[in-house]
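Use the sequences and the hints to build the structure in full.
There are 2 protein chains.
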Amino acid sequence: MPELPDKREAFIDWYLAAVELAELTDKRYPVKGMNVWTPYGFLARRRLDRVMEEEIEATGSRPVEFPALIPETEFAKEKEHIKGFDAQVYWVTKGGATTLDVPLVLRPTSETAMYPIFALWVRSHQDLPLNVYQVVNTFRYETKTTRPFLRVREIHFFEEHTCQLDEERASERVASNLAAFAKMAARFQLPYLAIRRPDWDKFPGAFYSVALDIPVGGARTLQIGSIHHYRENFSRPYGIQYEDPTGRSKFVHQTTFGLSERLLGAIVAVHGDARGVAFPADIAPYQVVVIPVPSAKGGDPTPYAREIEKVLREGGLRVHLDDRADRPGAKYYYWESRGLPLRLEVGPREAEAKTVSAASRLGDKATIPRAGLLAGVRTALGAYDERLGAQARKAFAEAFALATSLEELKGSTTVRLFPWCGSPECGHRVEEAIDGALLGTLEGAPPIPLGAPGACIVCGRAESTVWSAAGRPL
Amino acid sequence: MPELPDKREAFIDWYLAAVELAELTDKRYPVKGMNVWTPYGFLARRRLDRVMEEEIEATGSRPVEFPALIPETEFAKEKEHIKGFDAQVYWVTKGGATTLDVPLVLRPTSETAMYPIFALWVRSHQDLPLNVYQVVNTFRYETKTTRPFLRVREIHFFEEHTCQLDEERASERVASNLAAFAKMAARFQLPYLAIRRPDWDKFPGAFYSVALDIPVGGARTLQIGSIHHYRENFSRPYGIQYEDPTGRSKFVHQTTFGLSERLLGAIVAVHGDARGVAFPADIAPYQVVVIPVPSAKGGDPTPYAREIEKVLREGGLRVHLDDRADRPGAKYYYWESRGLPLRLEVGPREAEAKTVSAASRLGDKATIPRAGLLAGVRTALGAYDERLGAQARKAFAEAFALATSLEELKGSTTVRLFPWCGSPECGHRVEEAIDGALLGTLEGAPPIPLGAPGACIVCGRAESTVWSAAGRPL
Numbered sequence: 001m002p003e004l005p006d007k008r009e010a011f012i013d014w015y016l017a018a019v020e021l022a023e024l025t026d027k028r029y030p031v032k033g034m035n036v037w038t039p040y041g042f043l044a045r046r047r048l049d050r051v052m053e054e055e056i057e058a059t060g061s062r063p064v065e066f067p068a069l070i071p072e073t074e075f076a077k078e079k080e081h082i083k084g085f086d087a088q089v090y091w092v093t094k095g096g097a098t099t100l101d102v103p104l105v106l107r108p109t110s111e112t113a114m115y116p117i118f119a120l121w122v123r124s125h126q127d128l129p130l131n132v133y134q135v136v137n138t139f140r141y142e143t144k145t146t147r148p149f150l151r152v153r154e155i156h157f158f159e160e161h162t163c164q165l166d167e168e169r170a171s172e173r174v175a176s177n178l179a180a181f182a183k184m185a186a187r188f189q190l191p192y193l194a195i196r197r198p199d200w201d202k203f204p205g206a207f208y209s210v211a212l213d214i215p216v217g218g219a220r221t222l223q224i225g226s227i228h229h230y231r232e233n234f235s236r237p238y239g240i241q242y243e244d245p246t247g248r249s250k251f252v253h254q255t256t257f258g259l260s261e262r263l264l265g266a267i268v269a270v271h272g273d274a275r276g277v278a279f280p281a282d283i284a285p286y287q288v289v290v291i292p293v294p295s296a297k298g299g300d301p302t303p304y305a306r307e308i309e310k311v312l313r314e315g316g317l318r319v320h321l322d323d324r325a326d327r328p329g330a331k332y333y334y335w336e337s338r339g340l341p342l343r344l345e346v347g348p349r350e351a352e353a354k355t356v357s358a359a360s361r362l363g364d365k366a367t368i369p370r371a372g373l374l375a376g377v378r379t380a381l382g383a384y385d386e387r388l389g390a391q392a393r394k395a396f397a398e399a400f401a402l403a404t405s406l407e408e409l410k411g412s413t414t415v416r417l418f419p420w421c422g423s424p425e426c427g428h429r430v431e432e433a434i435d436g437a438l439l440g441t442l443e444g445a446p447p448i449p450l451g452a453p454g455a456c457i458v459c460g461r462a463e464s465t466v467w468s469a470a471g472r473p474l
Numbered sequence: 001m002p003e004l005p006d007k008r009e010a011f012i013d014w015y016l017a018a019v020e021l022a023e024l025t026d027k028r029y030p031v032k033g034m035n036v037w038t039p040y041g042f043l044a045r046r047r048l049d050r051v052m053e054e055e056i057e058a059t060g061s062r063p064v065e066f067p068a069l070i071p072e073t074e075f076a077k078e079k080e081h082i083k084g085f086d087a088q089v090y091w092v093t094k095g096g097a098t099t100l101d102v103p104l105v106l107r108p109t110s111e112t113a114m115y116p117i118f119a120l121w122v123r124s125h126q127d128l129p130l131n132v133y134q135v136v137n138t139f140r141y142e143t144k145t146t147r148p149f150l151r152v153r154e155i156h157f158f159e160e161h162t163c164q165l166d167e168e169r170a171s172e173r174v175a176s177n178l179a180a181f182a183k184m185a186a187r188f189q190l191p192y193l194a195i196r197r198p199d200w201d202k203f204p205g206a207f208y209s210v211a212l213d214i215p216v217g218g219a220r221t222l223q224i225g226s227i228h229h230y231r232e233n234f235s236r237p238y239g240i241q242y243e244d245p246t247g248r249s250k251f252v253h254q255t256t257f258g259l260s261e262r263l264l265g266a267i268v269a270v271h272g273d274a275r276g277v278a279f280p281a282d283i284a285p286y287q288v289v290v291i292p293v294p295s296a297k298g299g300d301p302t303p304y305a306r307e308i309e310k311v312l313r314e315g316g317l318r319v320h321l322d323d324r325a326d327r328p329g330a331k332y333y334y335w336e337s338r339g340l341p342l343r344l345e346v347g348p349r350e351a352e353a354k355t356v357s358a359a360s361r362l363g364d365k366a367t368i369p370r371a372g373l374l375a376g377v378r379t380a381l382g383a384y385d386e387r388l389g390a391q392a393r394k395a396f397a398e399a400f401a402l403a404t405s406l407e408e409l410k411g412s413t414t415v416r417l418f419p420w421c422g423s424p425e426c427g428h429r430v431e432e433a434i435d436g437a438l439l440g441t442l443e444g445a446p447p448i449p450l451g452a453p454g455a456c457i458v459c460g461r462a463e464s465t466v467w468s469a470a471g472r473p474l
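Heads up: the sequence lines are chains U and L, in that order. Under our numbering, think of the first position of the first sequence as 1, with each following residue one higher. Under our numbering, think of the first position of the second sequence as 1, with each following residue one higher.
Hint data in this document are derived by calculation from the structure and do not stem from the laboratory. Predicted model only: the values in this text are computed from it and were never measured. Heads up, a few of these hints could be off.
For chains that are exact copies, the list does not tell them apart, and a pair is met inside one copy or across any two.
Below, a list of computed lysine-lysine pairs in the BS3-like style, where the Cα atoms sit at most 30 Å apart [what the hints assert, rightly or not]: (1) Lys94 / Lys144; (2) Lys27 / Lys7; (3) Lys94 / Lys331; (4) Lys77 / Lys27; (5) Lys79 / Lys27; (6) Lys7 / Lys183; (7) Lys94 / Lys32; (8) Lys250 / Lys27; (9) Lys365 / Lys354; (10) Lys32 / Lys144; (11) Lys310 / Lys297; (12) Lys354 / Lys94.
Below is the structure:
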């Protein structure tokens, strides 16, 4: 069996090898950065999508789908936004042999597709809030090195867009999105940092941006999502107005919430180990695989294995019977590297004793009686998830360290936390020192116990400092 | 309330008005033929997708997703295929300010995206069959008049692509697809015709094509799907070969199975009536809506309505509580025009008696006791689907008539069935006579009892004739 590169020493090499070994994607498609979702990768993605759908719909958001092509005329309406995306959009210029009168942009994100229609949908205060989301692919002409799930040119994307009565209601929606993401992340067993980006790093056209970041070893971080408050920055150019109860016309305040296939990359990055990928049970393409283990003494365990599979399937679990001709040991290795939470080994001994031998991806073993099979498997999956989450939270806490001087940022091997006064000058000095980015100011408590923030790490000003973080984004 | 155009007299006007009234789509998006999936339309589409996924995965097909952009170099490999699509593809020619070295086609269908990769996936006979499918959007630069769901430029599309050992196995896959579609159609309550297209009307690059057609009034028909046998027509140019057990290299035989959002249009067309859309229960965005009906005598039925909603939701039904301030009558009309299968009226009287008053989209009424609520609602939905299906099957049978001479085809007001010898000359004479299309030869028994086919309707030859159909495709 091939050995993976060391995750700590050579993270990106390890990541690429782990994704490859698990066959989550096929990178041999003849357009750079556009990969094929294999059957196994697609099943993981579908689970991610379902979790996102469930959690966002629980907050009253409704699914929609807007076209993938946006006329140049609409795309150009918000000045900052087009400046931010101009260099990385794909242009459709021809239909058949005809040159299009108005060139079309392949959506890099959907503000400019949705907002002309929102202007028609929103008339009165009774139409608000308008909370809709879509799960679609977006397209960006990346010039940097592409990496499966982390940086690709066709991106599987979740985007919520909302219209609210006023700035305060929009801030409440940001808070609601943060709460919804906390629920998703709990199901992914994924600890993260919610962090308000500095002004120079916010989304093009945003009033402010809250990013969802995870540490991925050393001082490296990965942005896995973002929530933006737009105030009236888009509603003015796109004319999204409503009549308030007194008959006055007002512009809506907008928010957006974006997630992408990077979440799958994050799950690989956080939970994977020397043996490959490890999926949380809620995301795993299969939660359980049943493996018949023939014995030299004879006796075919397959009928019993089938019975086990049927019971689990009817119990609502995602289960697969691996009855290929390969050796059991090769199958164990195969499913481990693909992140399977729980395998059930079923030999003549188990068939005789009416039990199954369970082994989790983290190495925990148990004998589960046939009589209490479904409950036993659920318990084992719960215990596995619990351990996976605890392991991830431990690594998360270890990824951060306090910095008390600019000196300590230099060559830092952890993400650094420090008090910052909020001035761009001090912020830029932080970025120079760590040779990376000021990630921003923390939303909520720091990930390690730190107390109240003291004087700014740069200028020493003591008032109005906020806990902030700096690292080296992937 | 607005009156819809007459469905028999002015089908297309009726169709457009019914779709509009149900708010399934928003046509005001500023690119012709690219429409917005509204929340309500999206929920119907999601149900359609789930039914397709379930039924195709039950036959061993696995989900994948290939990129939306196809390099010109791959697109051009199969000669007939590119000839068939050349006039209607969108071209991506620029990324940012850069002109692309190789222009990219926005997928009109995915043969040319998938098959270079299939050539890598298939090595040995043990890799076969390869049965995969994807649900994605495809793009066609339509020059004809666009119509929501029926003819659009961004098409929500289901496509299965398979590789088989030989021609016979590929024919078996075609039969398996036909069986899978029969199950889908039963859940949509949609009678249809499976018909092998004449050679001059097959899919570009196919060996033969079986279309799935429905009659939509008069002699008009609508193709809602198709299944193709490709033989080695694509596997040769794309090099999809395997080694057989004796070590010889062979080309695979391929099949494809395509369905699209047209299915939603078909459901509107077949089940709709003078009051608008009518959804089968399996597809309906909501199966049940609970409407509180306040009484002049007082007493708030809302808590009881909420209780009813909760029981049904927990029972696994898609249920919605409509507690808007509008009059109950206005809500009844609103949900009828949106095709709701079953509404439950809940007033103080019902709260007192511990019952609900049920009214189906077809006008059937019943009182369901609170004690047997879930079973009673399920029974009412079953009975509604049964009636909807019976009504559709009756109209389906009435849409066909035998033709015994070319004369009878002229100005026909039904789809016509007749024996055909299979010669292109006779086929083209049929097309001239009906001023439409020879749809092809029937797969399976005719939709009305007809016995064995006699002499060819054109040349009078008696041997090897097959029941065939002609009509005017929309």
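*Quick one: Lys354 to Lys94, C-alpha cut-off 30 Å, is that within a copy, between copies, both, or neither?*
neither (66 Å within a copy, 63 Å between copies)
*asked:* At most 30 Å between alpha carbons: which applies to Lys94 and Lys331, within, between, both or neither?
replied: Answer is neither; intra-copy 50 Å and inter-copy 46 Å both fail.
*Using 30 Å as the alpha carbon limit, work out where Lys310 and Lys297 are close: within a copy, between copies, both or neither.*
within (26 Å within a copy, 55 Å between copies)
*Give the relationship of Lys79 and Lys27 under a CA distance limit of 30 Å: within one copy only, between copies only, both, or neither.*
between (36 Å within a copy, 27 Å between copies)
*Using 30 Å as the alpha-carbon threshold, which applies to Lys27 and Lys7: within, between, both, or neither?*
within (21 Å within a copy, 51 Å between copies)
*Give the relationship of Lys7 and Lys183 under a CA distance limit of 30 Å: within one copy only, between copies only, both, or neither.*
within (28 Å within a copy, 48 Å between copies)
*State whether the alpha carbon distance between Lys365 and Lys354 is at most 30 Å within one copy, between copies, both, or neither.*
This pair counts as within: shortest intra-copy Cα distance 17 Å, inter-copy 52 Å.
*Tell me, please, which holds for Lys94 and Lys144 at an alpha-carbon limit of 30 Å: within, between, both or neither?*
both (27 Å within a copy, 17 Å between copies)
*Alpha-carbon proximity context of Lys77 and Lys27, limit 30 Å*: between (36 Å within a copy, 21 Å between copies)
*Have a look at Lys32 and Lys144 and pick one of within, between, both or neither, based on CA distance no larger than 30 Å.*
The answer is within: 11 Å in one copy meets 30 Å, while 35 Å across copies does not.
*Pop the pair Lys250 and Lys27 into one bin, within, between, both or neither, using alpha-carbon distances up to 30 Å.*
The answer is between: 26 Å across copies meets 30 Å, while 49 Å in one copy does not.
*At most 30 Å between C-alpha atoms: does Lys94 with Lys32 qualify within a copy, between copies, both, or neither?*
So Lys94 and Lys32 pass the 30 Å test inside a copy (22 Å) and across (15 Å) alike.
The structure does not agree with the numbered hints 3 and 12 stated previously, though it agrees with the rest.
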